[in-house]
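4 protein chains.
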Amino acid sequence: MTKAATPNAPDVVRSAYAQLVVTDIARARWFWADMLGFHIQYEDDATLCLRGMDELTHHSLVLRQGDTPALDHLAYRVRTPDDVDKAESYFHSLGRPTRRIKAGDGTPGIGDAVRVIDPLGFPVEFFYEIDHAERLIQRYDLHHGAEIARLDHFNICTPDIPAAYAHYENLGFGCSETIEGDEHELYAAWMYRKQTVHDVAFTGGAGPRLHHIGVATHESHNVLRTADIFGALHKERHIERGPGRHGVSNAFYVYLRDPDGHRVEIYTSDYYTGDPDHQTYRWNVHDDRRRDFWGNAVIESWYKEATPVLDLDDKPQPVTDAVLDESAVAVGADGLG
Amino acid sequence: MTKAATPNAPDVVRSAYAQLVVTDIARARWFWADMLGFHIQYEDDATLCLRGMDELTHHSLVLRQGDTPALDHLAYRVRTPDDVDKAESYFHSLGRPTRRIKAGDGTPGIGDAVRVIDPLGFPVEFFYEIDHAERLIQRYDLHHGAEIARLDHFNICTPDIPAAYAHYENLGFGCSETIEGDEHELYAAWMYRKQTVHDVAFTGGAGPRLHHIGVATHESHNVLRTADIFGALHKERHIERGPGRHGVSNAFYVYLRDPDGHRVEIYTSDYYTGDPDHQTYRWNVHDDRRRDFWGNAVIESWYKEATPVLDLDDKPQPVTDAVLDESAVAVGADGLG
Amino acid sequence: MTKAATPNAPDVVRSAYAQLVVTDIARARWFWADMLGFHIQYEDDATLCLRGMDELTHHSLVLRQGDTPALDHLAYRVRTPDDVDKAESYFHSLGRPTRRIKAGDGTPGIGDAVRVIDPLGFPVEFFYEIDHAERLIQRYDLHHGAEIARLDHFNICTPDIPAAYAHYENLGFGCSETIEGDEHELYAAWMYRKQTVHDVAFTGGAGPRLHHIGVATHESHNVLRTADIFGALHKERHIERGPGRHGVSNAFYVYLRDPDGHRVEIYTSDYYTGDPDHQTYRWNVHDDRRRDFWGNAVIESWYKEATPVLDLDDKPQPVTDAVLDESAVAVGADGLG
Amino acid sequence: MTKAATPNAPDVVRSAYAQLVVTDIARARWFWADMLGFHIQYEDDATLCLRGMDELTHHSLVLRQGDTPALDHLAYRVRTPDDVDKAESYFHSLGRPTRRIKAGDGTPGIGDAVRVIDPLGFPVEFFYEIDHAERLIQRYDLHHGAEIARLDHFNICTPDIPAAYAHYENLGFGCSETIEGDEHELYAAWMYRKQTVHDVAFTGGAGPRLHHIGVATHESHNVLRTADIFGALHKERHIERGPGRHGVSNAFYVYLRDPDGHRVEIYTSDYYTGDPDHQTYRWNVHDDRRRDFWGNAVIESWYKEATPVLDLDDKPQPVTDAVLDESAVAVGADGLG
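Chains as they are written, first to last, in the UniProt record's numbering: chain Y, 1 to 337; chain G, 1 to 337; chain D, 1 to 337; chain W, 1 to 337.
In case anyone wonders, no lab produced these hints; they're calculated from the structure. None of these values were measured; they are calculated from a predicted model. Certain hints may be false.
A pair counts as met if it fits within one copy or between any two copies, since identical chains are not told apart.
With a straight-line cut-off of 30 Å between C-alpha atoms, the simulated DSSO-like cross-links for lysine-lysine are [claimed, not checked]:
1) 315 to 3
2) 3 to 102
3) 102 to 235
4) 194 to 86
5) 86 to 3
6) 194 to 3
7) 315 to 304
8) 194 to 304
9) 235 to 304
10) 235 to 3
11) 315 to 86
12) 304 to 102
13) 86 to 235
14) 304 to 86
Bound-form chain Y, shown alone (with noise of 0.2 Å):
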């Protein structure tokens, strides 16, 4: 059951992009563009502005030459103009920096914006104008790669699981599931505006860092043939893990690493959480199907590694360490104890 927003929260619609520091944009093209299906939407020579075939606003993805590679902000399209002012407000009540972007000052193809360093340390945008796009669902003589159809969340790393659900929850998202210990101490949780599992889930680790960005895609082997093709240009080590079954979401993955290192889930097949009453589904850390339905051991730089935050001047943002520790859960092939 989802728990009602604070009064003063921003209507949050959905996951809508992210944009990422790299270090090389000709590679990043090369990774994004031509290996996983990725719309090129708007390039000069040190933006790419990215969407999936199914998207009918500006991008979901957006990537800037840098020299270190960085999350530079997630953001979320909220439902109406009013929104935006929402979000300023309710996060400059908790006491946390905000800065109003003007359309064409801020990232391509968006509007009126806020940025804020929320609670959890990560940089956040919230909008509701974005460009719309011309339609693409049906090219399929443009489809290739991965052929992402659509952004579907961001995971990110964070020390403290309750506190981002906490945060969450006062945004109105709702939790599609939980991995929890034997006393319901929260090790990750799943959390949702639009009708998916998630728009943003929780890793337990140092944070803040951004773990993933998770892309859909629409048929399971739209995902075997991802990974086909890094094999096939002997590019395997942009692999990390998978492809495999979730547990939690019951999706199909495969997580990939970009040039710079940032991690991208290619995503398939979850369930609509769109009920008012929708129920949280929790798992017990010790089943080993929680992280890969079929039992296959979760690779340790899966656990460890993740991408550093910028705050909203551009320096780096300070990690903290976590408290609880999934992968010291040695569980049959999981667990890396």
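For this one, chain Y is given, so just place chains G, D and W on it according to the hints.
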């Protein structure tokens, strides 16, 4: 762009279930449960409550024994218990017949509800309370047949498409796609509350009649397998149209007829429609890809045959002929004129 | 059970390539290479040599520019160089025209060969030597379109099916499946040398004409994708029949027509036939699943239209009408009578 | 290029069946028939004869109750009844133990046969006669689990790969692929008679032991489904390795262990090898894609564990250690050194 609902309209969450009258419950059980893979949630001598493997509520299809094949009613879930009252007063204010159904008096698993004859002549129930059901999403050992995941939509025959459009727009439904003539006269429309292409669609034709219910499965191979199983048992006459790719919705589909002639569409893959400014995509009636993206002809029975509907006293509703006839638009392979 | 070949018959390994006359090589290149995904192994102003991604020899399809669409010749690979001589003397002994082609004088990539007009009136080449080609099986980065893996079979129209059967039986071909009337009169037959359902099949009708070439892809979704790409470019008129499941062979298929009207079948999944006592499976012509396992009607053009064939001097071969007409057998959805 | 078989060697058609000793026939039945979808052709208290859905002969797997898990024998079908005699004299001339088995005295469904202990120490049967079985290829209503289509191959552990290679080359087997060191020392080889990548493969290691039997299914989603069903029942410990893509053979696979530890590979998609000059493709042992095209590590048990084999008197054959150890070649993710 979704128009705001009429202020006193109930807040509809989604298409929730259809209740059909079948003349031989055993044969219906074979078709829907054995062949299509619906899970039997409740069963007595005269009733079957069925759900898809991803559904977490009591049923999305009810079959009850009767003398003549018919639609007993369609049902929408609303957001709160108060929306049931709101639905009653809303349809009362429209001058339509309404009837309250107490929990236990109506369909098994459903709480307090109201049934109405809507302005289009269809029997429609609005309810909030429904029993929760065991999660079977990952019970792959039980999946079989078409591996139905969930109800996706209703498709109804109605002679006056603009009237149907206006009625559902007043209920707050958005419109994802249409088929229109050269002067934008409306031949068909697809409308949604949940974040898919539709909860309800209108096929021009004599009405009120039920054209089909659409049920979702996860991948294209599940659709192919469905047809293969009917062929294997020499029951291929149940396959009416397809498998094929829709122009509208981009879904991959097959249409089947149950032993009473009720039509069901096995449907997979559409796209997200949850953004507040989601725009309608308009097909011209002369584009022969609108009904089948590969240009295959639509069989005549698909345009002409449909299920009669009952009133609140189980009497057949009278049927009115249509003004516009999409099937008379002879275009390419399609069109039957 | 495969009858022993006539003792002096050449030892045929498999159907190897078809050489077609096309009237616009650039349009043909678009269809076969860009759209279907054949790999271009050799190309000059008037010739294209194409192969599937799994093929390890020079080509399985040759397109040459000419004035009128036609089949130039079909080609079978034989087991040894001596079998080329054996083919020459075999057809000579049958009183059929033969012509030796020296390496370099005939089709690029092919060594010494003999071309004959076989007893059915078809131009057929037998060769042993063919250039090897780079392995592309795992070059997933190059796979696109229909992702053609290899040539699977030829399908030819001939008015006298028993004569065709006898001719190929004398060449040592086994018979996997037939379509037969109630008195076992033969409407169609599928015959093989390699261990698949067929290298050649006979469709009753005016002949000699080429009905289609069949090319294999790996999975059903590759067939669906082929049709989707044609729809995407509004070139759906190239799709003639299907996608569908064959009764005969159990393959999943789609039939396309190239810009000159040559028919190609994209074909996936049949079964092993290599056992020495493999038995013929016989379909009754009244089983409406024989041509489409789901009972969908066969479109009339599929029965009536085919590619003319040339003689050894590039003159069109005269055509004789059929005695039996399968398409006149009106059964269920199928049949055009 | 396939070397000619030794003149007095029997003409082998294909790998035909494996007979395994299992310690609990009911548990074995659950695993192989219920879970994997093998069809039960014959069953008594101590024996199960199983076949895949595409197989037209009596069985491709026999399970017999016994005290200790073991391989009873592998079996190859030969081209004629005379080849059974030829097999007997061939192995006799090699100084190997042979034993004639009259129809009815040996495995159900098999006619006259000879069993031998081959030069590698494996118990191997050669037979021609086998009962035909009802065609189930299109009985999609019966397909379930992994939807096994047919036996594909045997994989055996043997300490001396060149000796194994020479033995099978003498039997007329071609070699499709190898894994070789920098000096072309042979780590593994894949050899065939039927026109697929292999009927038998050799994994370096202590031997004679059976590494696994490989069974074919039609599409990748069947492999994924197999793993999903084991996960669903919390029996994921039966999944040992994969799903993944092989470098060698290009097949998509998953390895499972049955309740007695016998290993089975569910395998889909390889390529045609039937041309007379088909050439061997050689992988370097340092290419980390050879065992998994995506670079995923091979789990240690896969290299180390295997099934003991019996002699003609049901006594365990002694085992010899290997000289070369592929698993000691630490390359990338792979290698366990």
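Hints, one by one, checked against the model:
1. 315 to 3: neither (35 Å within a copy, 43 Å between copies)
2. 3 to 102: Between copies only: 28 Å across, 33 Å inside.
3. 102 to 235: neither (41 Å within a copy, 44 Å between copies)
4. 194 to 86: both (19 Å within a copy, 25 Å between copies)
5. 86 to 3: both (19 Å within a copy, 23 Å between copies)
6. 194 to 3: Classified as both; 15 Å inside a copy, 19 Å across copies.
7. 315 to 304: within (22 Å within a copy, 51 Å between copies)
8. 194 to 304: Only inside one copy: residue 194 and residue 304 sit 29 Å apart there, 37 Å across copies, limit 30 Å.
9. 235 to 304: both (22 Å within a copy, 28 Å between copies)
10. 235 to 3: neither (45 Å within a copy, 36 Å between copies)
11. 315 to 86: Within one copy only: 26 Å inside, 53 Å across.
12. 304 to 102: neither (37 Å within a copy, 55 Å between copies)
13. 86 to 235: neither (45 Å within a copy, 49 Å between copies)
14. 304 to 86: Answer is neither; intra-copy 36 Å and inter-copy 52 Å both fail.
Figure legend: structure checked against the earlier numbered hints; hints not met, in rising order: 1, 3, 10, 12, 13 and 14.
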